[in-house]
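J.: Chain residues, written in single-letter form:
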Amino acid sequence: MSEFAVELRNVVKRFITPEGHEMVAVDHVNLQIRHGEFFSLLGPSGCGKTTSLRMIAGFELPSEGEVLIDGQPQGKKPPYMRPVNTVFQNYALFQHMTVFENVAFGLEMEKVPKEEIRRRVGEALEMVKLSGMERRRPRQLSGGQQQRVALARALVKRPKVLLLDEPLGALDLKLRKEMQLELKALQKEVGITFIFVTHDQEEALTMSDRIAVMNQGKVLQIGSPMEIYERPNNRFVADFIGETNFVEGEVRSMEGEWAQIYIPAWGRELSGRAGPGLQVGQKAWLSIRPEKIRLLDEPRVNESIQGRILDVSYVGADTRLFLEVSGVRLKVWEQNRLSSLEATHFYRAGDAVYLALFRENVLILRRE
Amino acid sequence: MLRTLRENRPLQGFLLILPTLVFMVGLLIIPLMLTLVVSFGRRSPDGGVIFTFSLENYLRLLGYERNCPSGEAVCFNPLYLQILWRSITLAFNTTVLVIVLAYPLAYYIARAPARWRTALLFMVLVPMWTNFVIRVYAWMMILRKEGVINLALGWVAHQLGIPFQPLEMLYTPGAVLVGMVYEFLPFMILPIYTSLEKIDLSMYEAAADLGANPWRTFLRVTLPLSMPGVVAGTILVFVPVMGTFVVSDLLGGRQVVLVGNLIQRQFLDARDAPFGSAASLVLMVMTLIVTYFYTRKFGFGEEIIAA
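If you read the sequences in order, they're chains A and B. Under the working numbering, the first residue of the first sequence is numbered 1054, with each subsequent residue one higher. Under the working numbering, the first residue of the second sequence is numbered 2, with each subsequent residue one higher.
Okay, chain A solo, but in the shape it has when bound (with noise of 0.2 angstroms):
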């Protein structure tokens, strides 16, 4: 077994437009996914996640670089001599044959006795909850069962890798929460090697032990779902998952994994951990999550700022403020800790508050 079980080595897909422009759809992409890893591929449309999974499936060749699966080169081999599977997007389940013909459809391919064949695709309807549904066609099934079928055709191949292309799609929201825990604690069960595209950054978060964040073909980050949220090494990134303010200003000094930056609309220094590639004397952006900053009624921080609230939206767990602070608009979220139906409990439009930002929360990412 060799160390990664899909590796992807300086891959660049270029495609022709219909208009006879070149467009480069992935854009010199590593990476380096891990055996029994849950990896996610997240990004907005047409940041390459998909062409990236279908290079990996043998649907698209790459115009440039390699793709390895557990080692082995790829090369031009076709998506049918490739120990990986897909879970489509629109399921693509056959709909003129039975569920369990679906499921067997892989298992008949590699002419796999018949015995054997009942066996696992039983074991594989059990394994996704679709028991007793072997003579339904796709037709009769709602969209949370179809998903389930595709997932059992794809699983019983064994594969060494399972690609998953944003299979929770068309499930509305509460299905979608409720697949996204199950089939994490399918892939744990299993044990096989997940790659999963979406564009839903919470879903990403949920249920991946890494994430590569892609934008215009590029990969931007690769991390723990922790570390892509807390350190974002770009605006993109931040900005992506999760939300984030940003003010603009310019980096004065460093020291170690901190830095100063002066902010002119306030005209003052805050500091703040430095991102990746941060120099002093650059424009650089100070980011901070709206969960991160702490509301005060008193200036009794000495690094505390004055703002003014301008809109208050009560979202149950959390009130969501929009502030003004010199000039710069910043959102904060207080989490409604105390219960109470008393209106002068929270916090007023018009109402004076103090920040503070804390270096802890503060990240200063450079200005491209």
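Hints are not guaranteed to be accurate.
[Said to hold, decoys possible] Coverage of chain B stretches by chain A, computed from C-beta distances (three or more under 8 angstroms per stretch; other residues unrestricted): (1) 202-209; (2) 212-226.
[Unchecked claim] Listed next, with one range per pair, are the computed distances between beta-carbon atoms: (3) B:Ala-113 to A:Gly-1197: 34 to 40 angstroms; (4) A:Glu-1176 to B:Ile-290: 53 to 59 angstroms; (5) A:Lys-1182 to B:Pro-215: 32 to 38 angstroms.
These are computed hints drawn from the structure, not numbers from a lab. Every residue gets a Cβ at the ideal spot worked out from N, C-alpha and C, and that includes glycine.
We have chain A; now place chain B onto it with these hints.
T.: Frame of chain A, contents of chain B only:
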């Protein structure tokens, strides 16, 4: 008046189907009833119809003949049964050949780049702008003794120094088969194309992903998913081939007589409308029976007809 119409939904519906209804009743139902009535009649000596109720025409089709050469009152003459059988086998052979020829072409067009498809389909339809009969005549030019094929073969033989005897191709069952296949090919290509074109590309990808090579993908996925097109095409080809007489008349001469020719001759040459009517109805019933069993097994290909 207009107000009543606006509020009366059943009346609206009736008015919408009225033109078609008049057309169908006047030109299909009533003539069919007349045919049925006439088929039980008898030919008068001057070629008119004597209305009675006699099964004689039907018995004659089944082979019971009066005034036999042997002098017996009734004898068995399989002539008409042979004609019926020939028509069915020809329709069957034509349909099979048309499927074999149409499928690869439809497949090719369906998988061609989108911008080429319209042009290719257009080329399939272009011959249909020419009159049906003229296209059959063209085949006579190709197949006859001094026709294109024989001229070409003769020239080749002459170049090679081989003695050449022109092939007798016109007025053979083969010529009729070729003509039929040619005439009805587009009616198979179009529905098969439609059904192939509707297959989502992800179906092919899913099959390949699960380990099916292109050939097995074709057998297990493409072919079954395109069956509605084949079924619709089969009905569109089999039914008219059973009834046409122009192709067999021109390319088969007196050698290849089909039910269609029989009916035509009864009405025009023999002036035996009752017998012609009986033959028409037998043809219709035969076609209905075959279609009935076929559609019961495979359906109508309604997905395609609806598309």
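J.: Work down the list of hints and note, for each, if the structure agrees.
T.: Here is what the structure says about each hint:
no. : hint                                        : result
1   : 202-209                                     : holds (count 6)
2   : 212-226                                     : holds (count 8)
3   : B:Ala-113 to A:Gly-1197: 34 to 40 angstroms : holds (37 angstroms)
4   : A:Glu-1176 to B:Ile-290: 53 to 59 angstroms : violated (48 angstroms)
5   : A:Lys-1182 to B:Pro-215: 32 to 38 angstroms : holds (34 angstroms)
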